[in-house]
Amino acid sequence: MGARSFGVVALAIVVAGLAVTRVLDNQYYYFAGYVVLQYVVLATAWNILGGYTGYVNFGTPAFFALGAYTAVVLIQSLKAPLAIQLVAGAIISGLLGLALGYLTLRLRGVFFSIATLALAVVLQTMFINWEYTGGARGITLVRPASAPLFGNYVQFLFVVMLGLAVLAVATAWWIERSWIGRGLTAIRDNEEAAECMGVPTLRLKLVATTVSGVLMGLAGAPFPYYVTFVEPTSVFDLNYAVNSLAMPMIGGSTTWIGPVIGAVLLGTAQQIATVTISSALNLLLVGLILVAFVILAPEGIVGLVQRLARRSGERTRRSGV
Amino acid sequence: MSAEAFLDVQGVTKRFGGFQALSAVSLRVRQGERFGLIGPNGSGKTTLINCISGTLRTDGGRIVFADQDITTLPAHRRTRLGIARSFQIPKPFTSMTVLQNLMIPIEYAGRGHRDGVVDEAMGILGLMGLAAKAHVPSAALTQIEMRKLELARAMAARPRLLVSDEAMAGLSSTEVDDILAILFELNQRGITIVMIEHIMRAVMRFSERIAVLDAGEKIAEGGPDEILADKRVEKAYLGE
Amino acid sequence: MVWLDLLLNALAAGILLGGFYAAVSLGIALAFGLLDIVNIAHPVFVMLGSYVAYGMNARFGFDPILTGLLFTPVFYALGVLLYRVYYVSFERKGAESLRGLVFFFGVLFIVEVSLLLAFGVDYRMVEARYIGETFQIGPVGIAFRLLVPCVVGVALTGALYLFLSRTFYGRAIQAVAQDSFALRLMGANPFRVKGIAFGLAIATAALAGALLIMIGPVEPAMNREYIGRVFAVAVLGGMGSIGGTLVAGIIVGVAESLTSTFYGPSWGVAVSFGVLLLALAVRPSGLFGR
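Chains as they are written, first to last, in this note's numbering: chain A, 1 to 321; chain B, 1001 to 1240; chain C, 2001 to 2290.
Next comes chain A alone, as it looks inside the complex:
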């Protein structure tokens, strides 16, 4: 998608989102919409490192939670406004990505993935033991009395998350089209060959982990005000780990639109499902769908659509149209 069309679509989405807040009153839609948009950010962030570069991050909760807890610390200590929380969350999670990358990216990709698993467990232990942010019991936060420009704070957070989603997707779109994206693809396809062809593989991988971390931190920073009660079990919830991975894999991991499709489809489905089935069963279904896609349709929905388009194109050509 060219720059102009992308810009137009992005603008249209933001305007539509704003318009909706004027019209729709039912709070439930803003809560649900926030979650789906949050997944757009997380899935897109995961995919920059996972789909584009080929390095699998199992520890999304670590980065998401770090963004959230950074916000908590800023709220508790300075009553900092949301904007500051966002920037701080982005920076801290980005630094975590950079540090993790620096420690593990010289090793085989497998060890990076194991490191992300261990990271999530270690960080959760840390926050369980840190009283300032509530420890294991958790901490209650009060939303600011009024929201800038909007009727209520939830609507405001919805629009903020919409903006973050657009930012995340625009970042992925830009990376994909740039020389960085081509370098990342080379790394994913054959890292050894890429290095010998002049690609600074370590540096590019660090860029990918840092950008991914930044975006995940951004997704986590508004979370405390959204839920108003933050405790380790919910912030480090397994569903962030599996969804941020399943959504790009199901949607299609080679391009920016795959995570968006996966997040919107799967996220909406889960929002509808949580009303009827237990969250554990919900997660089980996600796991089953993920495994099915990895085995049967590894290119995801985007890949399937491309395959269908190619086949119908061939049929049209063959029938002499």
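Note that these hints are calculated values from the structure, not bench results.
Among the hints, a few may not be true.
Some chain A residues near chain B, calculated using beta-carbon distances under 10 Å [unchecked claim]:
| hint | residue |
| --- | --- |
| 1 | T185 |
| 2 | R188 |
| 3 | D189 |
| 4 | N190 |
| 5 | A193 |
| 6 | A194 |
| 7 | E195 |
| 8 | P200 |
| 9 | T201 |
| 10 | R203 |
Keep in mind that this is a model prediction, so the values were computed, not measured.
Beta carbons: idealized from backbone N, C-alpha and C, even for Gly.
Following the hints, complete the assembly by docking chains B and C onto the known chain A.
Coordinates of chains B and C only, in the frame set by chain A:
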């Protein structure tokens, strides 16, 4: 800059666990030379190339290229300095087309580019006879075409030194001649070429000087005729 | 000297725990060390073994070790099946390791959530006569709930070692790691041999799980703590060396135990992961690696 030792490999050693792959191997390649590297299977040729290109770290010795000590430089920096190699088992970027495969070295290794990138790539593909396949996914190529792509990709990095690692293995006689012609052409353009091959007639025709490795050691070095007559080389290949 | 008592007890506990850690890591030594299959789902199969032991114990009063042994063939079959799926979907196509990793994560996830649905988040434990006992050697207390898993774990390690070094298929498994073509020439089918190896890897999880639930109560999420541990032990032990795995298990066990005693129990996972990173940085082929 000493043209005598454009590539100066000084006493390079490499171990894998308990296995000594290279023992103090030294050789010098002159600028613009056509240099052959031969030896029985397992003698350490590809290991040596991996050490030169930077894919592997050496356990001892020095490597100097164009008067610069590159022993501890990462591979991508060496490529930027002008060392390019093809892989014995082709490693194409499978999700990309043939043309896109060449874009990577042009964008990342080329020194002074930006404009006419596609033209440069198509030019190289033309030379290799792959121009018609420019937009074909590289995963769909035949074995021979993949070999050519390996060479094309190495060329796209605008090397001053090109190492071709068994680019001709398994090819027919005509195909071998094709590749040989391309390598001669590149050498005419000023590129120093190190050729690793098992196909003796190709190595003998192509090389100005040849080094022979056996069990990680250099056992002979000289012109093609000298090497052919060398008893140690004969013993290495045929046994006692 | 309280400090010395603490130290000795921590060391003893660490060594005993280490014998158990070795048993848990055998599956990774086989699958990852020899077959290069990154089965991060192995610990969750160990959890499955624990819950099977729990079920048999709660329902029929079966001794956990007995259950572990009884279910070993079942887990073996499960392992062979899992390898077939993995082979057909990924290995045969030479697919990027990304998908294989995601596949095993999916399997991990499915099993963990299934256990969650079946048994809930509460901790489960087994009852057996000998588990609560302790005996003293001087200042050091030896708990049976640690001693028995250690002894059985070491026995399991020894049995696997003998199998790999003395039997045809055992040697074939070691060979397939190095040269599957030569293996074919010897008359063994690499696909079949790898299936047996992977089956064995999962089979060890049955008994390892039974031992785990003897050491302490279990809940489904525990599997994720163990992923770092088992890979640390497998890498430190030399990626496929069974003897190395035992030594590495003890090293990791002692390191964790000392950290727990002197710095608090929550940092155990961080320690094993630190050991892994250190091992990879200093000696990637492990202590006993080839």
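Hints versus structure:
no.: 1; hint: T185; verdict: holds, 6 Å
no.: 2; hint: R188; verdict: holds, 8 Å
no.: 3; hint: D189; verdict: holds, 4 Å
no.: 4; hint: N190; verdict: holds, 5 Å
no.: 5; hint: A193; verdict: holds, 4 Å
no.: 6; hint: A194; verdict: holds, 7 Å
no.: 7; hint: E195; verdict: holds, 5 Å
no.: 8; hint: P200; verdict: holds, 5 Å
no.: 9; hint: T201; verdict: holds, 7 Å
no.: 10; hint: R203; verdict: holds, 9 Å
Hint compliance for this structure: every hint is met.
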